[in-house]
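Number of protein chains: 4
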Amino acid sequence: MATSSGRHFLQIPGPTNVPDEVLRAMAAPTIDHRGPEFSALVHGLLEDVKPVFGTEQPVVVYPSSGTGAWEAALVNTLSPGDRVLCFETGHFATLWQEMAARLGLVVDFVPGDWRHGVDPDEVEARLAADTGHEIKAVCVVHNETSTGVASRIGEIRRAIDAAGHPALYLVDTISSLGCIDYRHDEWGVDVTVSCSQKGLMLPPGLGFNAVSPKALRASETAGLPRSFFDWAPILRANEQGSYPYTSATNLLYGLREALRILYAEGLPHVYARHARHAAATRAAVGAWGLEVLCLDEREHSGALTAVLLPEEHDADHVRRVILERFDMSLGAGLGRLAGRVFRIGHLGHLGDLTLAGTIAGVQMGLGLAGVKVDPGGITAALDHLGQA
Amino acid sequence: MATSSGRHFLQIPGPTNVPDEVLRAMAAPTIDHRGPEFSALVHGLLEDVKPVFGTEQPVVVYPSSGTGAWEAALVNTLSPGDRVLCFETGHFATLWQEMAARLGLVVDFVPGDWRHGVDPDEVEARLAADTGHEIKAVCVVHNETSTGVASRIGEIRRAIDAAGHPALYLVDTISSLGCIDYRHDEWGVDVTVSCSQKGLMLPPGLGFNAVSPKALRASETAGLPRSFFDWAPILRANEQGSYPYTSATNLLYGLREALRILYAEGLPHVYARHARHAAATRAAVGAWGLEVLCLDEREHSGALTAVLLPEEHDADHVRRVILERFDMSLGAGLGRLAGRVFRIGHLGHLGDLTLAGTIAGVQMGLGLAGVKVDPGGITAALDHLGQA
Amino acid sequence: MATSSGRHFLQIPGPTNVPDEVLRAMAAPTIDHRGPEFSALVHGLLEDVKPVFGTEQPVVVYPSSGTGAWEAALVNTLSPGDRVLCFETGHFATLWQEMAARLGLVVDFVPGDWRHGVDPDEVEARLAADTGHEIKAVCVVHNETSTGVASRIGEIRRAIDAAGHPALYLVDTISSLGCIDYRHDEWGVDVTVSCSQKGLMLPPGLGFNAVSPKALRASETAGLPRSFFDWAPILRANEQGSYPYTSATNLLYGLREALRILYAEGLPHVYARHARHAAATRAAVGAWGLEVLCLDEREHSGALTAVLLPEEHDADHVRRVILERFDMSLGAGLGRLAGRVFRIGHLGHLGDLTLAGTIAGVQMGLGLAGVKVDPGGITAALDHLGQA
Amino acid sequence: MATSSGRHFLQIPGPTNVPDEVLRAMAAPTIDHRGPEFSALVHGLLEDVKPVFGTEQPVVVYPSSGTGAWEAALVNTLSPGDRVLCFETGHFATLWQEMAARLGLVVDFVPGDWRHGVDPDEVEARLAADTGHEIKAVCVVHNETSTGVASRIGEIRRAIDAAGHPALYLVDTISSLGCIDYRHDEWGVDVTVSCSQKGLMLPPGLGFNAVSPKALRASETAGLPRSFFDWAPILRANEQGSYPYTSATNLLYGLREALRILYAEGLPHVYARHARHAAATRAAVGAWGLEVLCLDEREHSGALTAVLLPEEHDADHVRRVILERFDMSLGAGLGRLAGRVFRIGHLGHLGDLTLAGTIAGVQMGLGLAGVKVDPGGITAALDHLGQA
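Residue numbers (this note's numbering), protein chains in the order written: chain F, 98 to 485; chain C, 98 to 485; chain S, 98 to 485; chain X, 98 to 485.
A hint or two may mislead.
Part of the chain S face toward chain C, derived, beta carbon under 8 Å [stated by the list, open to error]: (1) Pro407; (2) His410; (3) His414; (4) Met425; (5) Ala429; (6) Thr451; (7) Met461; (8) Pro472; (9) Ile475; (10) Leu482.
List time: in silico EDC-like cross-link candidates among lysine to aspartate or glutamate, alpha-carbon distance up to 16 Å [as the list claims (entries may be wrong)]: (11) S:Lys233 to S:Asp258; (12) F:Lys469 to X:Asp278; (13) S:Lys233 to S:Glu221; (14) X:Lys311 to X:Glu409; (15) F:Lys469 to F:Glu408; (16) X:Lys311 to X:Asp282; (17) X:Lys147 to X:Asp282; (18) X:Lys147 to X:Asp278; (19) S:Lys469 to C:Asp480; (20) X:Lys469 to F:Glu408; (21) C:Lys469 to S:Asp480; (22) X:Lys469 to X:Glu409.
Think of the hints as simulated: they come from the structure by calculation, not from any bench.
A virtual CB, placed ideally from N, CA and C, is assigned to each residue, including glycine.
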């Protein structure tokens with residue numbers, strides 16, 4: 098085994114590398130959750146969090162995982178037996194619809210090949226066929242963390258509109274928020290689900306729901322039992338800068354600092370950086386002679402790249418070699434992709450040289466694991482990153 | 098206004114003062130939630146967390162508030178329409194039964210005066226009367242954070258047994274765990290609910306359920322819809338040292354350090370220290386000529402003391418004076434006690450001299466707010482703290 | 098032994114309690130000491146550090162202890178065999194003149210009783226007698242950390258002027274800077290010596306020389322060999338925002354944050370707070386029936402109080418009891434005061450309630466150590482601190 | 098300008114990247130410098146620091162820069178007018194002998210071309226010629242930080258012995274300690290000078306002298322005036338686990354943690370890692386078609402590589418492009434090498450992938466700055482780093 102020194106390379110598609118400033122901000126002493134300082138913190142945060150969602154509507158922040166925020170979106174807007182339209186874009190879309198079923202909803206799960214995003218035409222066709230408007234919600238994962246395929250949220254909105262269907266539009270932006278351009282208001286999303294540990298560059302522990310007026314209205318009659326995730330008491334308390342429970346104060350400190358960093362860079366620059374890193378990574382994959390999992394040029398994720406290995410190789414072995422030898426974590430293939438792909442996260446707090454080091458590590462690791470690749474991969478990436 | 102310098106005195110009954118070591122531990126970089134290092138962390142934690150619960154049974158750790166852990170206890174063990182027996186010991190007991198009702202349970206809410214704990218005899222009588230065993234669970238708040246009254250959990254267990262009743266026993270230890278002696282296994286508690294930001298000396302953001310075998314069996318048939326809070330997938334994943342979602346990694350770092358500190362002091366010493374601080378505080382209150390809210394000597398809380406003011410005084414005014422002049426946060430009167438009491442938290446990471454400073458601040462603040470008190474309060478407290 | 102929990106009470110007269118914000122600021126990654134970011138840091142700091150010295154002249158910052166800054170003041174301004182006038186105000190004044198002698202200077206050391214500051218009349222008389230102007234420098238310790246006696250720097254300046262003597266005026270403000278009003282320019286001090294770990298609320302590791310134009314001129318011909326402490330290359334490099342060596346970058350981060358905190362409170366408020374804390378402490382000492390070491394009302398230190406014990410008691414025993422039982426550090430008697438006094442530090446980042454806790458701890462510790470004191474000490478202090 | 102995100106690449110030859118654990122360790126509260134906890138810290142450190150120096154003799158730790166430790170080595174062992182033999186290996190050797198001259202020593206400065214280390218034969222010849230033993234000390238810089246050339250300390254020792262000369266042997270290991278194999282005792286070094294911010298992976302602020310018995314004896318009669326840097330009172334105080342001044346406590350916390358990390362990796366592994374990184378870097382430089390400054394294969398530094406640019410290029414322009422575009426700091430050419438070379442630091446806390454990112458950044462930066470290089474540089478480095 099090689100010796101290990103230096104910083105770990107955390108290049109999974111989340112949790113991502115938390116900036117030092119955010120970690121230090123989180124190390125401030127916890128304060129009274131009912132005092133004036135906390136109130137000022139919450140008032141500020143609830144405004145500051147809106148731009149990254151592309152919204153002027155309220156954003157509910159939970160002390161929870163992203164799966165908690167999934168549940169919140171469902172239980173606040175739907176009733177037992179409601180029909181929801183879901184799409185098999187990958188592992189996480191599959192888990193979300195399983196959750197829906199477990200909570201008592203009826204799921205239409207449109208099958209997929211895990212290499213494409215949601216097809217807007219399919220959405221339109223499905224909704225147009227639902228003349229009785231039994232479908233109460235359309236659930237889409239913006240960026241499938243398991244595949245590196247990004248669905249086209251704006252086009253799907255237009256498809257729903259084209260079908261003239263009143264279903265709510267629920268979108269999971271867990272691994273896209275703060276990485277890929279996103280517009281809750283403009284795209285008419287009703288609930289945007291997200292969490293802290295990806296593009297927001299925080300440790301895990303916060304879940305988010307951005308909520309449209311239409312979703313808020315739906316919540317007034319939605320019949321699924323709920324208490325912890327209930328928007329109403331939270332939104333009421335938020336008006337006073339408080340929560341109906343003790344919120345995760347120190348993560349909120351981190352959120353304030355992370356948003357500051359994000360907006361200091363500027364969202365358009367943040368998105369462009371992610372796109373550039375994704376393109377450099379695909380350039381390397383192509384030059385190696387390997388295949389990117391995503392098959393549609395319009396759907397390449399800016400946040401991660403899933404790399405498909407030739408059948409005779411075990412992607413988990415490659416990952417293990419890379420972890421042991423180069424102290425870098427990559428994402429595993431999940432569900433039906435287990436052992437077939439590895440995923441390179443290039444999201445969050447990331448500079449060109451760390452990405453270069455990441456690609457260098459993958460290239461060396463592939464070699465050590467016996468996967469024959471062209472050594473021009475790293476050079477192809479640098480050609481992209483080093484453009485004038 | 099006096100100038101403010103030095104550390105804030107956070108003497109509310111939680112969140113409590115987080116030890117510096119815990120804050121620094123939490124500032125470590127977030128790691129891969131599916132890697133071997135995380136797995137080792139979880140395996141270690143799930144064992145290490147048991148002694149403070151007094152259990153050898155599994156403890157489920159959620160990225161949530163304490164209210165989330167309340168909900169988890171209910172949805173994992175009960176079905177819609179199930180009857181639960183609750184006791185009005187104060188504000189939080191009231192909130193918990195409201196949650197139960199909101200989730201679709203039927204609540205028997207035994208009224209109380211907010212100055213006493215749960216009466217074991219009342220428990221026995223109620224259960225004995227329930228010959229049809231319609232009551233599926235007895236819900237008790239161990240330490241009422243709103244009143245400083247601690248119910249006698251062991252005696253209530255004996256009362257349930259005396260009634261020969263099969264109801265589950267659910268106990269909220271949110272502000273008692275790590276402060277007041279507690280024995281999940283010995284007292285036959287089925288679900289112990291707790292959270293991070295009190296005696297565990299962590300920031301808020303983690304909820305806990307310690308789960309008895311009987312509760313686990315109940316969860317197999319419990320009919321309330323659940324997903325995020327479902328024990329089963331978590332316990333399954335925990336066997337591999339993982340979670341079915343991304344857990345709040347950095348809070349887990351903090352938990353590891355906080356448990357280390359707690360066990361280094363030794364639980365019996367921790368409980369004795371809390372009891373000693375509580376007694377010193379009551380000595381001061383008595384010497385001031387004020388009244389402690391708790392009326393039963395057997396039920397004084399080791400974690401906080403609620404002080405009742407003469408009718409003509411506004412406790413919130415006193416708190417405000419103390420915050421502005423001495424930079425100390427105290428707990429407000431909640432619900433029906435609003436304005437009538439203030440609460441001194443003396444739990445968590447606390448030494449004699451910080452308690453002395455706390456009592457000094459209360460004494461001076463009472464004076465400045467126009468509440469006539471005997472200045473012997475601080476001396477009475479020191480007499481207690483300084484005993485040979 | 099009592100259990101130990103909560104924050105340590107560091108009530109020695111320095112190092113003082115470092116604010117959390119300063120510790121976190123110091124935890125930022127070290128940067129290139131020749132890059133533009135460092136340059137901006139230095140340019141900012143060298144301006145920002147001036148107000149606390151009461152100067153518009155340059156301040157040289159060393160990576161050193163305060164003793165290093167003593168040496169710097171001497172070697173930059175004096176030549177082998179030069180005569181310096183020093184005053185035995187206590188342990189540190191004694192050490193400084195020993196250093197002067199060791200470096201090859203000739204010291205006139207005016208004896209003292211360690212209970213008074215420097216007598217301005219004595220200064221005038223000594224200098225007036227030195228008609229040949231052989232005395233090249235007058236060295237005074239502003240606040241004797243070993244005794245809690247503060248010399249009157251402005252009055253001594255007037256005494257020097259009255260004698261019409263050209264000697265340089267070197268002042269040690271190690272434990273007064275940022276605690277007690279100080280005016281380098283107005284009082285015509287030539288070199289002000291200080292360090293980081295007292296009123297500046299930093300960890301130890303930085304030494305300071307504020308330098309008058311007259312001192313700078315003296316340095317051009319001063320003959321003591323010097324290199325590390327030489328002002329000239331530092332002042333030259335400072336113009337570019339750099340140092341001729343690698344400075345203690347992370348302590349500079351801390352200094353920036355500490356100055357921000359100090360100026361946010363406002364220097365007049367800072368000095369008033371220290372004076373108020375000192376008076377409250379003396380009120381307690383008096384009420385206990387003990388004696389404050391300082392004998393002149395005009396010379397009470399705002400930074401610390403040395404408490405003299407009756408002959409039959411060992412002050413170190415009292416300190417040990419307090420450390421073991423209450424986890425509080427107090428200052429020992431030094432030199433000829435060893436075992437006779439203990440010193441209460443009330444300087445730096447300190448609030449009323451921590452001071453109250455400190456006095457409570459001393460009172461209880463005296464009792465436990467068998468020193469009979471009136472328990473009214475704490476009440477006397479609170480009377481002072483709690484005034485409307 | 099490209100956007101900047103992710104961690105800064107600090108690839109100068111010191112200060113180096115401080116491990117997160119060290120920064121967090123340094124953020125612990127400052128403690129009483131005369132209490133038992135500090136004493137235990139010092140006793141532990143003074144033992145633990147010895148292996149990295151390869152010594153069982155005392156190591157004096159100063160709150161100072163490395164230049165302070167230079168001065169300490171000279172003033173403790175030499176007297177005014179003493180003759181010292183120095184070698185012009187580069188910028189820092191030049192500065193050290195300038196300091197010696199400024200302190201009153203007479204320097205024999207053997208000229209050099211800044212591309213070679215000290216020639217052992219030259220040492221032997223010089224000393225053999227000094228039949229009157231007027232030379233009191235031989236001063237050698239182990240690793241010239243300005244050139245990336247490492248002198249052969251063991252061979253020079255043998256040369257001194259071969260000449261039968263009694264001169265003291267003073268060695269600067271500022272940028273070699275913890276990077277390149279070093280043996281104070283075995284090589285008969287009398288004073289080893291070092292500091293914190295290079296291979297020891299700490300922020301700047303600590304200087305070191307490892308001291309041989311012969312040097313200690315010399316210090317008894319050495320006549321240069323000294324006080325702050327005087328070994329004697331420090332060594333006396335160290336026996337009690339203390340210092341005669343307030344040491345830089347929080348940097349000592351960091352030192353403890355840094356040594357733990359270093360020894361956990363194991364010194365032989367640490368040295369091998371540095372050598373491997375240096376070789377990979379030289380492989381890249383060669384493949385680019387550029388020249389490494391160091392001309393002797395036996396003298397390549399394991400800590401940094403200085404790269405010589407073709408005459409028509411300005412190395413400072415290259416560095417500026419790299420800083421602005423890729424957020425990486427490289428070392429400038431110093432003294433006579435200004436603008437002619439840039440220096441890549443590959444020392445301290447550094448992993449293979451960060452080195453790969455560093456080389457990638459240099460390669461891209463050279464291209465953007467108009468220096469024509471073969472893009473095979475990065476691949477050549479990866480060939481080296483990725484060997485089975």
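Within 16 Å, alpha carbon to alpha carbon, are Lys233 of chain S and Glu221 of chain S?
Holds, at roughly 14 Å.
Please verify whether Lys469 of chain C and Asp480 of chain S have alpha carbons no more than 16 Å apart.
holds (14 Å)
Take the shortest C-beta to C-beta distance between Ala429 of chain S and chain C; is it under 8 Å?
violated (19 Å)
Please check whether Met425 of chain S passes as an interface residue: C-beta within 8 Å of a C-beta belonging to chain C.
OK, holds: Met425 of chain S within 8 Å of chain C, min 6 Å.
Tell me if His410 of chain S is really an interface residue toward chain C, meaning its C-beta lies closer than 8 Å to one of theirs.
With Cβ-Cβ at 17 Å, over 8 Å, it is violated.
Less than 8 Å between beta-carbons is the criterion; does Leu482 of chain S satisfy it with respect to chain C?
Check passed: Cβ of Leu482 of chain S comes within 6 Å of chain C, closer than 8 Å.
Is Lys147 of chain X within 16 Å of Asp278 of chain X, Cα to Cα?
holds (14 Å)
Is the Cα-Cα distance between Lys233 of chain S and Asp258 of chain S 16 Å or less?
holds (14 Å)
The hint names Pro472 of chain S as touching chain C; please verify it with the least Cβ-Cβ distance against 8 Å.
With a closest approach of 5 Å, the Pro472 of chain S hint holds.
Regarding the pair Lys469 of chain X and Glu408 of chain F, is the alpha-carbon distance no greater than 16 Å?
Roughly 41 Å separates the two Cα atoms, so the pair is violated.
Restraint outcome when Pro407 of chain S is required to lie within 8 Å of chain C by C-beta distance:
Since chain C brings no Cβ nearer than about 20 Å to Pro407 of chain S, farther than 8 Å, the hint is violated.
Hint consistency between Lys469 of chain F and Glu408 of chain F [alpha-carbon to alpha-carbon, up to 16 Å]
Roughly 13 Å separates the two Cα atoms, so the pair holds.
Going through the hint list in order, the structure does not satisfy hints 1, 2, 3, 5, 12, 14, 20.
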